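Visitor: Just so you know, the sequences run in chain order A, B and C.
Reading the first sequence from the start, the letters are residues 3 to 341 in my numbering.
Reading the second sequence from the start, the letters are residues 3 to 341 in my numbering.
Reading the third sequence from the start, the letters are residues 3 to 341 in my numbering.
Everything labelled a hint here was simulated from the structure, so no lab data went into it.
Computed from a predicted model, the values in this text were never measured in an experiment.
Some hints could be false.
The list treats identical chains as one, so a pair stands whether inside a single copy or across any two.
Distance condition first, Cα-Cα at most 25 Å in a straight line; then the derived BS3-like pairs of lysine-lysine [claimed, not checked]: (1) 159 x 149; (2) 237 x 256; (3) 107 x 221; (4) 106 x 221; (5) 159 x 275; (6) 152 x 317; (7) 317 x 240; (8) 106 x 126; (9) 146 x 107; (10) 122 x 240; (11) 146 x 240; (12) 206 x 152; (13) 240 x 126.
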Amino acid sequence: LNSAPGLPDTYARPQPLRSYAVSHPDLQDHMIEEVGAIISTWPCNSQNRDHCVATLARVEHTYFLWPMCIGEVAHISTEITYTSEHSVEVQVNVMSENILTGTKKLTNKATLWYVPLSLKNVDKVLEVPPVVYSRQEQEEAGQKRYKTQKLERMETKWRNEDVVQPVLNPEPNTVSYSQSSLIHMVGPSDCTLHSFVHEGVTMKLTDEVAGIVAARHCKTNLVTASVNAINFHDKIRKGCIKTISGRMAFTSNKSVEIEVLVDANSVADSSQKRYRAAMSLSQEGGSLPMPQRLPETQNEKKRFEEGKGRYLQMKAKWQGHMKLPLWPKTQFTLRAGVV
Amino acid sequence: LNSAPGLPDTYARPQPLRSYAVSHPDLQDHMIEEVGAIISTWPCNSQNRDHCVATLARVEHTYFLWPMCIGEVAHISTEITYTSEHSVEVQVNVMSENILTGTKKLTNKATLWYVPLSLKNVDKVLEVPPVVYSRQEQEEAGQKRYKTQKLERMETKWRNEDVVQPVLNPEPNTVSYSQSSLIHMVGPSDCTLHSFVHEGVTMKLTDEVAGIVAARHCKTNLVTASVNAINFHDKIRKGCIKTISGRMAFTSNKSVEIEVLVDANSVADSSQKRYRAAMSLSQEGGSLPMPQRLPETQNEKKRFEEGKGRYLQMKAKWQGHMKLPLWPKTQFTLRAGVV
Amino acid sequence: LNSAPGLPDTYARPQPLRSYAVSHPDLQDHMIEEVGAIISTWPCNSQNRDHCVATLARVEHTYFLWPMCIGEVAHISTEITYTSEHSVEVQVNVMSENILTGTKKLTNKATLWYVPLSLKNVDKVLEVPPVVYSRQEQEEAGQKRYKTQKLERMETKWRNEDVVQPVLNPEPNTVSYSQSSLIHMVGPSDCTLHSFVHEGVTMKLTDEVAGIVAARHCKTNLVTASVNAINFHDKIRKGCIKTISGRMAFTSNKSVEIEVLVDANSVADSSQKRYRAAMSLSQEGGSLPMPQRLPETQNEKKRFEEGKGRYLQMKAKWQGHMKLPLWPKTQFTLRAGVV
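Looking at chain A on its own, in the form it has when it is part of the complex (with noise of 0.2 Å):
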């Protein structure tokens, strides 16, 4: 990444790799998001007009690599890989380091999108101040992602009338049984600088419901394993009720997918009407042999070729690339003390 023409020092300086350290570990999510929001937010702010923070638009095909465990200190390094016109890509690398040994690990790497919203008028999006690449197959290569990424969130967006409807003493093994949600007032200390809720908190809890879903369809514990896009459609403004759904979407001999959609309405609206803020795909992963899903429905069944065809991408994926981590099930506790 160079230094652009008319862009300020700030942008042009060795941004691409910086390197931070904390020691929350539970804070994985919440830190990508505020790390990637802070590096896209600087060179959109680097001329001379509206000021704007960047809000986090799209998160890309997460891997968990390895397990942070408490005590060691991440190091989150980003950079910025594309820039749109009103967008900015952004890799975000966590590497975990035991402190006492020395020891690093790659843990998690993460692709996040971002849309700078103006600070006056929360409505408009400004525009991205292009980024230099040092070679031409940079940019093509950064075009190519904008576009599925934009394909794909239209994609999520026209499956947004699908609700997550409680069933009455519903099957072991069925969609229904394992469902699960989870409602919340949004308050002022949820919220960023713009009075909306804040995507790293809903990461969390959206991961936190995908973990109900696959203990209770397969009574034991489980890892998330990754994060197959999560697309932000709207903002929650504070005063709305969240309300976050997950359901099983397909299962593999070792491997659960869930579906986590994430509504909100306003409570002081007489209207009451629900919208669809997010969606989120996890893949949860465990070292014992799963039950199987039973899909039932039209749309259950519709769901689970989905599932599965994205998980035989996915297989042919590591074969080539990289193993599957294996988590021992005893590391899965970490997960839920820290939530």
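Mind docking chains B and C on chain A? Use the hints.
Guide: Frame of chain A; chains B and C shown alone:
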């Protein structure tokens, strides 16, 4: 609970039994309060008028039937059981679920009274749209509960002048020896949308102070067996200093009763007048014989007799309805660990 | 401390020794700061004029005499020991109480300086009503302490240009090897009533960074033995990015001194000027011999010599007054666990 004519669908839909799954056992008080506020706020905003948020006015006698363990999921179901002109009675049940075994237990039953306050003018109490009861007796029983609580609230208001005074070098087993207090300056993150202290936060601190008083008196770990009504008399504004003081009221052979007073005064007010914001009575129980408390002053003797009355009344109730839960000593660590 | 003529009762009443019980051992820094702010704010609002909140300007050398354990109750007593025209000196003592055995220990003694800032105009420092001292010498000693701290504050201000620069592949035992930093975007929930970062929060992060630097250098667990003054030079506004950086300043045989710098810059400001908000020096101690740090650059050598001076001065003090607490290694886990 049936649909009331002229009310929107949401009020009529199966609202009465919403079930939410959450995994923060430590936030039980906070969750109960929040879910109660959500279900009471919805119908009050159903008509085209001032928007409001329901604010907690009173928690009725609450039994903690079973402790919630780390890793368990709390299910909260709520139902509006009565509405007066300006208040809503909500019944909240908390079930704990061990998601690995599927075992569920009723851990907590609470009845809460909410009052809808206008978002524009926080001193204005709005009207509550009436509910339609399926049977005439339901309305009559609700009206009776409404009148009883109103009387009790007024009674605790009369005792508002009582102050917990520190005593130098108190003797062991006296009221002065174990009394404890805690202060806190109310910041933005403690507050609700109205810029008042969140009642759930106050409830948690109240329980904490009661636990300290009990442990100091008994020199052993105890668990909160029940909370004998919390009355919220006045709102605590952002910027106030909150003082939470607890003292022994009564001791039986195996339980102690603690009175907790919540006072507030503004830092930025030359009058520095202190006002009583809330008052709570809670029973803490253990498995060992308790040291007997010796009431010394006139007021202490009066409170002891009142506590004895409540104790005998409750004992009769328990013998009729249910058994007092006898928790082993070791479980207390849960509360200590999660505060 | 006697009543000053013309001051309201609250200022004259037994304010000097307030004792508050709290059960969050992890919030010790935060509590000390909060209780100090409350006791300094009260008298400053006693006259009929602009309302204010007292803001922390400096923490004097603080000894951590004994660690506080989970389950213990912290007692905080505060006393106003000196007032200048625009500042208040507060002495805070923290006692830990094991509520089961009744054993009390002095864990922490701190002296803090507060400045009253108007709630209407945060850049306006208000006047402090004078206190009346029982003996002339008290006032003279206070005046001396006031002048000393003023000089020291100015001295650290001059060193504001120092920046902690990351170095690629540093050698072990160098300053660069163990230096660590942490960034954070200041949100609404980090702030006080003035919409500035809560100093208690900054103190906690400062201690955290110092602990990471020390553990990286020594490859062993350490405890904070004392904090050699924290100066708050400038307020950090909501929406700023806070950078907290720590580096080794000095090593003796059994302790290390770490310098922590707190910088801030606004995201929504094209100038992106960074300013030094606070600076702290802390001593971490252990029971094993420390690896010796090798100062390399001119500046590092200068800071090493300064650290040596402070170390020798302190050592002389310890030998005169009290013994340096030698905590076993295992107690460090407390700090790690509670952050």
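Visitor: Next, verify each hint and record whether it holds.
Guide: Checked hints:
| no. | hint | result |
| --- | --- | --- |
| 1 | 159 x 149 | within (16 Å within a copy, 51 Å between copies) |
| 2 | 237 x 256 | neither (35 Å within a copy, 53 Å between copies) |
| 3 | 107 x 221 | between (30 Å within a copy, 17 Å between copies) |
| 4 | 106 x 221 | between (33 Å within a copy, 14 Å between copies) |
| 5 | 159 x 275 | within (17 Å within a copy, 41 Å between copies) |
| 6 | 152 x 317 | within (24 Å within a copy, 64 Å between copies) |
| 7 | 317 x 240 | neither (40 Å within a copy, 45 Å between copies) |
| 8 | 106 x 126 | neither (41 Å within a copy, 48 Å between copies) |
| 9 | 146 x 107 | neither (30 Å within a copy, 52 Å between copies) |
| 10 | 122 x 240 | both (17 Å within a copy, 15 Å between copies) |
| 11 | 146 x 240 | neither (35 Å within a copy, 37 Å between copies) |
| 12 | 206 x 152 | within (24 Å within a copy, 42 Å between copies) |
| 13 | 240 x 126 | both (18 Å within a copy, 21 Å between copies) |
Comparing the model with each numbered hint stated earlier shows that hints 2, 7, 8, 9 and 11 do not hold.
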